[in-house]
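What follows is each chain in one-letter form.
Number of protein chains: 2
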Amino acid sequence: MEIIQSNNYPIYFDNSIVELVNFIKQSGYSRFFIFTDENTGKYCLPVVKEKIDQFDNYDIIEINAGEESKNIDFCIGVWKMLIDFGADRNSLIINLGGGVISDMGGFVASTYKRGIDFVHIPTTLLSQVDASVGGKTGIDIEGIKNIVGTFAQPKAVFMINEFLKTLPPRQILSGLAELLKHGLIADAQLWADLKQNDLTQPSPELIHRSVKIKNKIVLEDPTEKNIRKALNFGHTIGHAVETYSLLNDQVPLSHGEAIAIGMICEAWLSNKNADLPDADLQDITATLTTLYPKYQLHENNFDALFKIMQMDKKNLNGKINCTFLTRIGQFSIDNICTEEELYNSLRYYAAL
Amino acid sequence: MEIIQSNNYPIYFDNSIVELVNFIKQSGYSRFFIFTDENTGKYCLPVVKEKIDQFDNYDIIEINAGEESKNIDFCIGVWKMLIDFGADRNSLIINLGGGVISDMGGFVASTYKRGIDFVHIPTTLLSQVDASVGGKTGIDIEGIKNIVGTFAQPKAVFMINEFLKTLPPRQILSGLAELLKHGLIADAQLWADLKQNDLTQPSPELIHRSVKIKNKIVLEDPTEKNIRKALNFGHTIGHAVETYSLLNDQVPLSHGEAIAIGMICEAWLSNKNADLPDADLQDITATLTTLYPKYQLHENNFDALFKIMQMDKKNLNGKINCTFLTRIGQFSIDNICTEEELYNSLRYYAAL
Ligand SMILES: NC(=O)c1ccc[n+]([C@@H]2O[C@H](COP(=O)([O-])OP(=O)(O)OC[C@H]3O[C@@H](n4cnc5c(N)ncnc54)[C@H](O)[C@@H]3O)[C@@H](O)[C@H]2O)c1
Ligand SMILES: NC(=O)c1ccc[n+]([C@@H]2O[C@H](COP(=O)([O-])OP(=O)(O)OC[C@H]3O[C@@H](n4cnc5c(N)ncnc54)[C@H](O)[C@@H]3O)[C@@H](O)[C@H]2O)c1
Ligand SMILES: [Zn+2]
Ligand SMILES: [Zn+2]
Numbered sequence: 001m002e003i004i005q006s007n008n009y010p011i012y013f014d015n016s017i018v019e020l021v022n023f024i025k026q027s028g029y030s031r032f033f034i035f036t037d038e039n040t041g042k043y044c045l046p047v048v049k050e051k052i053d054q055f056d057n058y059d060i061i062e063i064n065a066g067e068e069s070k071n072i073d074f075c076i077g078v079w080k081m082l083i084d085f086g087a088d089r090n091s092l093i094i095n096l097g098g099g100v101i102s103d104m105g106g107f108v109a110s111t112y113k114r115g116i117d118f119v120h121i122p123t124t125l126l127s128q129v130d131a132s133v134g135g136k137t138g139i140d141i142e143g144i145k146n147i148v149g150t151f152a153q154p155k156a157v158f159m160i161n162e163f164l165k166t167l168p169p170r171q172i173l174s175g176l177a178e179l180l181k182h183g184l185i186a187d188a189q190l191w192a193d194l195k196q197n198d199l200t201q202p203s204p205e206l207i208h209r210s211v212k213i214k215n216k217i218v219l220e221d222p223t224e225k226n227i228r229k230a231l232n233f234g235h236t237i238g239h240a241v242e243t244y245s246l247l248n249d250q251v252p253l254s255h256g257e258a259i260a261i262g263m264i265c266e267a268w269l270s271n272k273n274a275d276l277p278d279a280d281l282q283d284i285t286a287t288l289t290t291l292y293p294k295y296q297l298h299e300n301n302f303d304a305l306f307k308i309m310q311m312d313k314k315n316l317n318g319k320i321n322c323t324f325l326t327r328i329g330q331f332s333i334d335n336i337c338t339e340e341e342l343y344n345s346l347r348y349y350a351a352l
Numbered sequence: 001m002e003i004i005q006s007n008n009y010p011i012y013f014d015n016s017i018v019e020l021v022n023f024i025k026q027s028g029y030s031r032f033f034i035f036t037d038e039n040t041g042k043y044c045l046p047v048v049k050e051k052i053d054q055f056d057n058y059d060i061i062e063i064n065a066g067e068e069s070k071n072i073d074f075c076i077g078v079w080k081m082l083i084d085f086g087a088d089r090n091s092l093i094i095n096l097g098g099g100v101i102s103d104m105g106g107f108v109a110s111t112y113k114r115g116i117d118f119v120h121i122p123t124t125l126l127s128q129v130d131a132s133v134g135g136k137t138g139i140d141i142e143g144i145k146n147i148v149g150t151f152a153q154p155k156a157v158f159m160i161n162e163f164l165k166t167l168p169p170r171q172i173l174s175g176l177a178e179l180l181k182h183g184l185i186a187d188a189q190l191w192a193d194l195k196q197n198d199l200t201q202p203s204p205e206l207i208h209r210s211v212k213i214k215n216k217i218v219l220e221d222p223t224e225k226n227i228r229k230a231l232n233f234g235h236t237i238g239h240a241v242e243t244y245s246l247l248n249d250q251v252p253l254s255h256g257e258a259i260a261i262g263m264i265c266e267a268w269l270s271n272k273n274a275d276l277p278d279a280d281l282q283d284i285t286a287t288l289t290t291l292y293p294k295y296q297l298h299e300n301n302f303d304a305l306f307k308i309m310q311m312d313k314k315n316l317n318g319k320i321n322c323t324f325l326t327r328i329g330q331f332s333i334d335n336i337c338t339e340e341e342l343y344n345s346l347r348y349y350a351a352l
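Protein chains in written order, with the UniProt record's numbering: chain D, 1 to 352; chain S, 1 to 352.
So that you can see chain D by itself, here it is in the shape it has in the complex (with noise of 0.2 Å):
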């Protein structure tokens, strides 16, 4: 498969492992260092391993596994480890895990010295899809998602497909949810073709179709001012439901689980104000109520629902900004939403 040509830097579809080892051997880094979690440590970095071992010049920083991790702590630990281990400015960090590898070890490389290089094997499919792809970096403080953080590329992203055969499905479901909103907002055929195949092991060519979807518009809005705001779609009560959900439940929705009610949720309120076909809001909703498991709202959760959304960053003053689609495959950005709308959508996803 093309090779996908991001912010200066490509994205291998194939045969990662040898472009990895090329890189690392064209590339002349001092040191290198392979960042893990405990299941990556145990699942990808053997099979990654095998192929480095012609070097002598690496370390392995393994962290606790989990959304716990992304914390400043770890990254100090982080840090001190690449001082300990001499890192100079003319290392390399190798992330190997899902999305709180690559956030946590982009935001440690693109700090340490003031930058130094670093690269993503992402090895869950919401990393493959949303978080190696756009040159965020982020971790968390006192439980807000993301709040410090760079804007930083990272040299190259490696897509190892095999790494998703030991992904819990729940963490597949997680990140289906990107790669259908990726359909939804910018691809109807790729909507249309993801409905028609197994989705329980996304193959790498809907994988590929998806990267470049996000690929394209954060290379057009990097730094999010205006047209990024499109992969926001089902976000603004997704991220709601998300918090609620980490608030209240025993076992909390996982981040996809929590998108594909925020996109039922705006479908509708995109259909009452955007013009997205009655069709479109069936053809979604009967979906990703197929493939997600339903959850539970009522009436008396709405209030602290709204609360939420009215504390997220994304929200100036207390409005809440939605993106709609327009029809499947077409998006609208910046839109206000009243209180009673996002009542209702929420009334539409608990009546179903």
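These are calculated hints, taken from the structure and not from any lab test. Do not rely on the hints blindly, as some may be mistaken.
Copies of the same chain are indistinguishable here, so a pair counts whether it falls within one copy or spans any two.
[Claimed, not checked] Here are the computed lysine-lysine pairs in the DSS-like style, where the Cα-Cα straight-line distance is at most 25 Å:
| hint | residue 1 | residue 2 |
| --- | --- | --- |
| 1 | K155 | K314 |
| 2 | K49 | K225 |
| 3 | K165 | K51 |
| 4 | K319 | K216 |
| 5 | K42 | K195 |
| 6 | K51 | K155 |
| 7 | K145 | K319 |
| 8 | K80 | K314 |
| 9 | K145 | K80 |
| 10 | K225 | K155 |
| 11 | K51 | K212 |
Based on these hints, arrange chain S with the ligands on the given structure of chain D.
Same frame as chain D, but now just chain S with the ligands:
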């Protein structure tokens, strides 16, 4: 005096407080934050506050004075205060202080929500002629200076000469070393004029000329790949002396006092290796020994100093890299020095 244009931002020298007020009025920030330390909170903040009390959308964030504050714990504290104060993407940070405040405030701003705007009001001579110009931010970790940071440009710099009046004489001397350095590497006339002037309170005009030199160099090489190394004159040995003194002396040398020693030693090396005329070496030595107190360096400290140089991040693979003068006002970068030459240069200083 002429406004100096840096990397897409202006450096004001005249009516700076009026310019600051205009800047705030015109830019429409949702909130702004004044970042100070105990001393600048006491000596400089009242002057600024008087003019900006027409605004009601700002808060003050004050930290302890001194290099010990330039660490990640204080950054976390400031990030949390920004969160608590409701700083959004459209907020501004005003760094009111010396190099500690501008380095750390710049780092915090350039990473909060992936970068919000900041400006500097440098209040020490060192920060006026050096730290506030060039777009480097940084903090220390485990005592390693500026090991974490970013390249990030302020939106403007406002120079207020009267702030230097409350600065202790040793702080003036510390900044003066960089001012003298700018003459030595790039402007023989500035060097000559500095020698004629009362340097206990350098005039705005001398500071303006000094900033112009640093600015010209950093504009040519924003991320320190080549000619920016000119600014390292005196710093290879000077940094080692500074670190050594910090580890061993009850009252350690200031940065500038150490750099003055480094400039004498590196002028000696320049004389031996880069044809710096004998008269220039004598001029530099006489001027700097008159301005700065003699520091006791002994033969049996030299090994320790050399070890510190080997560990310096500027020196790759254990090779010691120096910037030389070919004459007063002209430099040459990337000169490798042998151990013996370095020891001899230290002997030259010790024997003065
Ligand atoms: N930078 C961006 O533009 C961007 C975009 C979207 C999401 N994100 C961030 O990404 C993060 C979520 O990403 P994620 O879902 O990949 O999280 P993650 O990195 O925590 O991975 C999810 C889980 O899967 C495990 N795992 C990873 N690869 C595996 C594999 N191949 N086999 C088995 N287990 C594996 C991980 O250890 C973890 O337990 C969030 O922090 C989010 O903020 C960033
Ligand atoms: N970013 C860069 O390019 C760059 C360049 C050079 C130095 N630096 C950094 O700058 C720092 C040193 O700068 P500095 O010497 O200004 O340190 P500083 O900020 O600690 O100031 C020195 C002392 O003077 C006090 N002070 C500041 N303004 C005052 C005033 N007007 N009146 C009375 N007291 C005042 C401070 O409270 C402090 O105690 C170091 O951390 C160094 O790494 C950065
Ligand atoms: Zn998302
Ligand atoms: Zn200096």
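Practice task
Give the relationship of K49 and K225 under a CA distance limit of 25 Å: within one copy only, between copies only, both, or neither.
Solution key: Close neither inside one copy (40 Å) nor across copies (32 Å); limit 25 Å.
Practice task
Using 25 Å as the alpha carbon limit, work out where K155 and K314 are close: within a copy, between copies, both or neither.
Solution key: Classified as between; 23 Å across copies, 29 Å inside a copy.
Handout entry: Intra- versus inter-copy proximity for K212 and K51 (alpha-carbon distance at most 25 Å)
Key = For K51 and K212, the Cα distance exceeds 25 Å both inside one copy (28 Å) and across copies (51 Å).
Exercise for the section: Have a look at K42 and K195 and pick one of within, between, both or neither, based on CA distance no larger than 25 Å. Expected result: neither (33 Å within a copy, 66 Å between copies)
Handout entry: Within, between, both or neither: K145, K319 at alpha-carbon 25 Å
Key = within (20 Å within a copy, 43 Å between copies)
Practice task
Can you give me the call for K51 and K155, within, between, both or neither, at a CA distance of at most 25 Å?
Solution key: The answer is within: 20 Å in one copy meets 25 Å, while 46 Å across copies does not.
Problem - Copy assignment of K165 with K51, given that the CA separation must stay at most 25 Å - result: within (20 Å within a copy, 63 Å between copies)
Practice task
Pop the pair K80 and K314 into one bin, within, between, both or neither, using alpha-carbon distances up to 25 Å.
Solution key: Between copies only: 19 Å across, 33 Å inside.
Practice task
Give the relationship of K225 and K155 under a CA distance limit of 25 Å: within one copy only, between copies only, both, or neither.
Solution key: Both: 23 Å inside a copy, 18 Å across copies.
Practice task
Go through the copies and call it for K319 and K216: within, between, both or neither, with a Cα cutoff of 25 Å.
Solution key: neither (28 Å within a copy, 45 Å between copies)
Handout entry: Status of K80 relative to K145 across identical chains (alpha carbons, at most 25 Å)
Key = For K145 and K80, the Cα distance is within 25 Å both inside one copy (23 Å) and across copies (13 Å).
Hints 2, 4, 5, 11 from the earlier list are contradicted by this structure; the remaining hints agree with it.
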